[in-house]
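Residue numbers (my numbering), protein chains in the order written: chain A, 1 to 632; chain B, 1 to 494.
No lab work stands behind these hints: they were computed from the structure. The C-beta atom is built at its ideal place from N, Cα and C for all residues, glycine as well.
Straight-line C-alpha distance at most 25 Å; calculated SDA-like pairs for lysine to any residue:
(1) Lys-160(A) <-> Leu-223(B)
(2) Lys-365(A) <-> Val-338(A)
(3) Lys-596(A) <-> Leu-539(A)
(4) Lys-160(A) <-> Gln-228(B)
A short list of chain A residues far from chain B (calculated; beta carbon distances all over 10 Å):
(5) Gln-184
(6) Ile-185
(7) Ala-239
(8) Gln-243
(9) Glu-356
(10) Gly-524
(11) Lys-527
(12) Lys-596
(13) Glu-597
(14) Gln-626
Pair by pair, the computed Cβ-Cβ distance ranges are:
(15) Met-97(B) <-> Lys-596(A): 55 to 61 Å
(16) Glu-333(B) <-> Asp-630(A): 32 to 38 Å
(17) Gly-433(A) <-> Gln-41(B): 34 to 40 Å
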Amino acid sequence: MSWSCPTVKAGALLSAVCCLSLGQCRSASCYSASNVFSSRPAVRGLSVHLTVFMTGTFVELTLVVVGEPRGQGAVSPPVLGCGAVAWRERWGEEGALQVLLEQLASDPGLSGRDQVQVCCIAVLLHPVGGQRPRLGAQALTDHPALHARMEAILEKHLKKREINPNVRNMKPLEYSILAGRLSQIKEELRQGVKKPYQEVLDVYMGDPHKGGVKPLSFVRQVLAACLYPQLVNSSKLPADVRQRAQRLLGRCDGGSVGSYTATRGIPETLIRVSEFITRRDGGVPSNPENIFLSPGSQWSLSILHVLLNPESSPRNGVLSPVPCHNTTTMSVTGLGAVVVPYYLSEEQGWELQVEELHRAMESAKGVCNPIALYIVNPGNPDGHVQSRKSMQEVIRFVSERKLFLLADEVYQDYVFGENSEFVSYKRVLSEMGPPLSDTVELASFHSASKGWMGECGLRTGYMELVNLDPAVMKHIFTMFSTDTCAPVLGQIALDLMLNPPQPGEPSYPLYHMETQNIKNTLAGNGKRAVEVVNSLPGLCCQPLEGGAFAFPKVYLPPSFIQKAKEAGLEPDTFYCSRLLDEAGLLVGPGTEYGQKEGTYHIRFCILTSAEIMEEVLTRLTCFHKQFMKDFS
Amino acid sequence: PQLRLSQAANGVPCRGKVLTVDNMNPRVKKVEYAVRGPVVQRAVQIEKELREGVKKPFTEVIKANIGDAHAMGQKPITFFRQVLAMCSYPELLKDNMFPEDAKQRARRILEACGGHSIGAYSASQGIECIRQDVARYIEKRDGGIASNPDNIYLSTGASDAIVTILKLLVRGEGCDRTGVMISIPQYPLYSAAITDLGAVQVHYYLDEANCWSLDVAELRRALNAARQHCNPRVLCIINPGNPTGQVQSRQCIEDVIRFVKEEHLFLMADEVYQDNVYAEGCKFQSFKKVLFEMGPEYSSTVEMASFHSTSKCYMGECGFRGGYMEVINMDPEVKAQLTKLVSVRLCPPVSGQALMDLVVNPPQPDEPSYTTFMKERTAVLAELAEKARLTEQILNTVPGITCNPVQGAMYSFPRITLPQKAIDKAKEAGHIPDMFYCMKLLEEEGICLVPGSGFGQREGTFHFRMTILPPTEKLKVLLQRLRDFHQRFTQEFS
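Using the sequences provided together with the hints, build the complete structure.
Next up, the structure:
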């Protein structure tokens with residue numbers, strides 16, 4: 001029998017050479033194990049018997065653990081040793097292993113899986129009826145209980161907590177790098193360190209209130225009255241506010257926003273949502289039974305969890321745009337599925353092209369089995385608004401390719417391109433008529449974080465499901481019910497967002513003024529941002545049609561890219577980090593959202609007050625001009 | 001009308017569904033959640049029928065199925081709501097209708113919010129100054145044992161935090177799949193999440209004969225048995241217990257901690273009922289406090305997470321979905337992964353975070369709101385204690401029902417003796433016997449409870465979970481009707 005003794009890296013312990021067999025004879029193991037290793041030059045390893053009771057038969061295992069001192073290079077053969085010691089006889093199985101592993105842990109060359117190379121060789125040499133023992137990983141596959149036991153013992157003794165590999169595989173956020181720097185800067189400013197700015201402007205997220213947009217008075221007045229019902233009887237608030245609050249409280253159990261609601265949301269609010277959808281879509285019916293409220297649209301995406309089968313082989317895939325806000329792709333990875341990127345065409349104003357969808361489908365061959373297409377319209381971060389024609393093509397595509405359509409439409413109110421108009425996928429689907437309108441399965445998302453009130457902090461969104469199999473709906477309901485319900489204040493805010501004050505009501509004039517103001521500011525900011533960005537050398541922004549962001553391309557000189565590499569950062573993250581440091585402006589790097597290889601972008605929120613937008617653009621201009629000087 | 005699948009329109013063959021029961025995530029298919037299960041769904045239907053004028057032997061459905069205090073008429077704490085109202089509509093700060101300490105709290109919270117609005121996103125881990133307040137609260141609660149705000153994660157109710165930790169720890173295939181030890185009976189959020197994540201439930205039984213106490217020998221039995229088919233990595237403890245209402249003794253907590261250390265398990269301590277302790281001689285002690293009092297051998301090694309929420313205790317603000325967890329001894333690298341995981345959902349509701357802040361930082365003796373606050377808090381807890389006692393006492397007068405003392409939390413979980421004929425009848429109809437019982441109770445008396453099978457129970461025993469939350473008078477009526485029903489039921493099937 002010939003052995004090779006591989007050096008295995010962190011986490012690969014279980015693929016280490018292992019050989020085991022079943023049998024009754026015990027003495028043979030000592031002999032064989034010694035025999036195998038006696039020719040090796042050193043004796044630092046230890047071995048021990050491990051007996052596991054399994055399916056009525058004793059499996060006897062000799063574990064030889066071999067360590068290699070750090071810093072001596074991975075190529076040299078590991079120092080190893082052996083000697084089958086019948087410690088089990090003395091201390092029992094657990095005790096023996098403990099001694100072994102404690103020695104291992106106290107070895108300065110071996111301080112845990114991630115830092116040192118550990119070679120673990122499990123040997124069991126008891127030929128059954130003259131059979132040769134099986135070698136390697138195959139043996140572990142054959143004896144999963146033993147495999148698990150080894151893993152458990154090693155985990156326990158190496159004191160290392162291993163976690164869900166799907167979570168590990170989720171792409172780390174570039175934001176965390178910048179956020180670390182952000183809190184440092186804030187602290188420095190607090191301590192009075194001199195900087196060219198007095199405070200940091202943070203336009204990383206699509207967060208209007210953070211960007212200086214004021215909450216809508218009507219919404220906040222109703223919420224206050226719901227929170228503190230004495231206000232319902234107080235003349236401090238307009239009559240329609242008080243009526244609205246009273247009506248909404250009447251729908252809460254016990255008349256309190258502190259009680260749970262039904263799983264899918266307050267029943268009357270679900271009806272309001274469906275009425276809104278019907279109105280928006282020119283009369284296309286919407287069934288309240290198909291609407292689910294959740295603590296934000298990222299929670300609604302747990303529909304993916306129903307769609308994606310973690311046990312399927314090949315794995316499930318989701319076609320997802322590039323660029324795309326990062327949380328969705330993280331969710332897909334976190335569920336153990338594969339993100340299949342399709343690229344939006346930057347040159348065509350970030351248009352979605354169906355040929356690209358076909359290409360993406362082809363690219364998935366042999367990798368995964370795509371089952372859903374994710375669309376963001378209006379686009380985040382790209383600000384493109386899809387045309388009806390493009391949507392029709394997408395619908396035909398998903399029908400042909402048997403994909404579930406996920407339409408993220410949270411920016412539906414933010415459309416300001418001259419010839420742009422938001423049309424919902426539900427509406428286009430319905431207008432296309434049968435068989436498409438009866439068959440294509442669609443989930444559409446909207447959120448109270450957006451709209452004119454922009455209440456991100458209240459965390460409520462809704463999802464409408466179309467054409468789903470009723471048998472599946474039952475399970476979706478159960479899954480949602482484990483989350484109990486969406487925050488009640490958020491549900492109320494959503495109700496108000498979809499049913500604003502009407503002309504003639506006391507709150508209407510103020511409401512109208514505030515929303516018009518935000519609408520105009522957004523359109524103005526969009527125009528202004530494109531204008532300013534495009535006036536700068538090396539920056540180029542496609543015309544914005546909608547959404548809450550600008551996503552300009554930024555040309556980064558090779559010398560800067562080199563510098564970024566030295567800093568261990570993605571070039572655009574490095575750019576953002578400099579921008580933050582030097583100008584006190586926090587924007588997102590394109591890397592966070594995905595971009596064509598070799599291109600770089602930045603994203604910033606344009607749904608801010610006009611003053612803040614001006615300040616953002618001034619800081620960007622100032623920084624970028626200096627930057628181009630420094631690196632050209 | 002709903003859009004429906006047409007068989008074939010215009011001769012075009014219909015496209016089959018992408019998502020069907022056959023190809024959907026098989027784990028989701030297995031998820032059950034009794035707290036909002038068939039009995040509750042039927043209760044909602046019955047309420048609708050009552051509204052439509054359908055004649056029933058009762059005029060309203062009493063819902064004692066879910067720990068939802070406000071729905072049962074409990075009033076919110078005035079101070080909390082004043083502050084939150086001002087946070088929502090800061091114009092109210094200019095008014096003189098609210099006390100100065102409430103105003104000061106509202107200003108402080110708004111100061112910590114982006115754009116001074118609770119409508120802005122917060123950091124994914126939660127607003128920093130609120131995490132600091134939580135840490136200080138924990139220190140005070142635990143007699144000075146340090147708590148680091150970096151270890152606090154605010155969450156969307158405790159459930160969110162619990163599922164997040166489970167998601168982080170579930171791994172492995174086949175026999176290496178993570179096993180999660182949960183009590184029987186247990187709160188079905190755990191079983192649902194474990195099923196959903198494809199992990200393995202490892203059941204340990206609480207000792208009904210000893211007031212639902214937990215015995216480490218039973219933990220060990222369960223662990224060893226489970227090792228044959230999975231890799232147990234997590235132990236979940238609910239203290240005070242849900243649905244069983246027991247409060248763990250100091251000794252028992254120490255035993256659990258020793259066990260967890262020996263077996264290198266991650267400990268999840270669900271302590272959302274920490275203020276709900278009623279029985280004489282019982283006292284809530286946090287796992288963290290006991291862990292640190294056991295010395296560095298334990299306090300520097302045992303990994304754990306402790307959960308709390310705004311939904312229970314004296315405030316009962318379920319609708320805000322506020323909560324937090326504290327993680328202890330978590331490997332920094334693993335913590336970084338946790339932080340990444342929580343960032344996917346952006347942030348917990350800021351209104352819930354604000355409320356959590358008030359819960360951990362209530363009015364102090366020298367502040368104007370203190371007296372009212374304490375009066376309200378004490379009244380709620382005293383009433384709950386009285387209802388806990390009342391429930392146990394009355395239930396134990398019913399032949400065929402035995403109920404352990406409700407030492408804490410918000411539920412009683414009495415054992416019911418069902419006649420063999422009823423069991424047979426239920427099985428014939430394809431029902432679990434206690435589900436059959438609860439459905440019949442609902443139809444005949446308008447009382448909505450959750451069958452014991454939804455929480456797990458020893459084979460051959462039957463229970464139900466009932467909250468102690470209805471107002472005292474209503475609770476008495478409920479218990480009276482329950483007694484009548486049980487006697488009628490027993491006669492009918494004997």
